[in-house]
Amino acid sequence: MIDIILKSIDRIPAFPATTQKVAALLRNDDYAVADVANVIKYDQAIAANILKISNSAYFGARQKIKSIQDAVVYLGQQQLIRAVQTAGVSRYFSKGGKGYVAQSKDLWEHSVAVALMSQILSRKIQSREDPVLYTAALLHDVGKLIMGEYVHESFEEIMYRVKQGKCSFLEAEEAILGINHADLGGRIATHWNFPADIRDAIAYHHRPDLLMEQDKKNAWLVYLSDQACLMMGIDGGIDALAHKGLEDVMQYFNLRMIDLEKSFISLVDELERAKDLIHNL
Amino acid sequence: MGDLIVGISDLKVSCNPGDVLVTYALGSCICVAIYDPKVKVGGLLHFMLPDSSLDAVKAKETPGMFADTGIPILFKSCYAYGAEKNRMIVKVAGGASILDDTNYFRIGQKNITAMRKIFWRNNVMTDGEDTGKNFNRTVRLELETGKCILKSSDGTVREL
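Chains as they are written, first to last, in the numbering used here: chain A, 769 to 1049; chain B, 7 to 166.
One thing to keep in mind: the hints can contain errors.
Straight-line distance between alpha carbons at most 25 Å, and here's what the computed DSS-like set of lysine-lysine pairs gives [claimed, not checked]:
hint, chain 1, residue 1, chain 2, residue 2
1, B, K123, A, K1030
2, A, K1043, A, K873
3, B, K157, A, K1012
4, B, K66, A, K1030
Hints in this document: simulated from the structure, not taken from any laboratory.
Quick caveat, the model's predicted, so the values are computed rather than measured.
Using the sequences and the hints, build the whole thing.
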């Protein structure tokens, strides 16, 4: 079974090079607007998507953004990176995930919610936003796009295990299908040539405690953002709350319960502003 | 007429027998469904957090976010349509947790406790409850019959 699942990674189209190129340009603080706009314009599909996303209330541009040039000027570095990443990722989520969710839109909503939550927590913990973390959070469940059909076939077996053995959904996936959706997501990130920290944050988003790297911050942040969204009912599908709670996370970030409760409130507000981002996919 | 959807931190009340109040995907949040069979008035609340002292401004703006501000408004809004407390049927669902032996993420449990305290102080008895555990729930309240249908993410559907 695992061989068949791993083979399906090759069916996933390559990650748009435009997104990576733009992100690389924007990493340099004195990027030229014209350079960035030129790279984006070259890719029609992405350009159209970026225009749509840039006009979302979430990005809060004061005037209507009519051109890529406008988007680069008005959004600014941080927002633009996020708009470009969101545009790049969104097309994969327009279908797939069935087996976990009733409709693809649900998995996309969960993904955007976790990405927004990762920035809320990053502002709280590191006093800044973090585009790398944003991308990892947006993609954390990408493995479900492939796993969905296999989980669907084995759903009863998986649920039986979760109910009987008190094991997590992740452990049940691994026992029955030979691989879990997080690990599979990490392999998709590798297939897309994403940097190692994004790959790890995806692959270990349910078990950051098992990651052997020095810097595990992003994996823990994606984990915590995901858990928070699961608690709020903005879940990534039938696995819902059947995931392991790791109490170390609170100590790791020196967080109190009250901080998390406040982050819930912020997320409700941000989701309201990001509505069109989620529903106009 | 039809399904009225109650989002996170929201509450809705109706006296239209054709209406069905629905709230989806309760994780650690809790749904309080109340119904007066005599006047066929019902309401649904989907609160997220136990205590409004966390954010007083937000509590004013969105009282349905917290147990202590949402539950009183839910009852009062039904009274405004002619419902009476002594006839009210009260059902609750939600307050789930993730799989966690040490229970560090206690929001579900805190929500359940806060709600029970409020009911206790105000002499409200619950007629049906499905709380805790670790699955998501969807609740539908039919105004015509007062039937409260609970659907869980483990696949079960039953009347509460």
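Status of each hint after checking the structure:
1. B:K123 x A:K1030: Between B:K123 and A:K1030 the Cα gap is close to 22 Å, so the pair holds against 25 Å.
2. A:K1043 x A:K873: holds, 12 Å
3. B:K157 x A:K1012: holds, 23 Å
4. B:K66 x A:K1030: Roughly 16 Å separates the two Cα atoms, so the pair holds.
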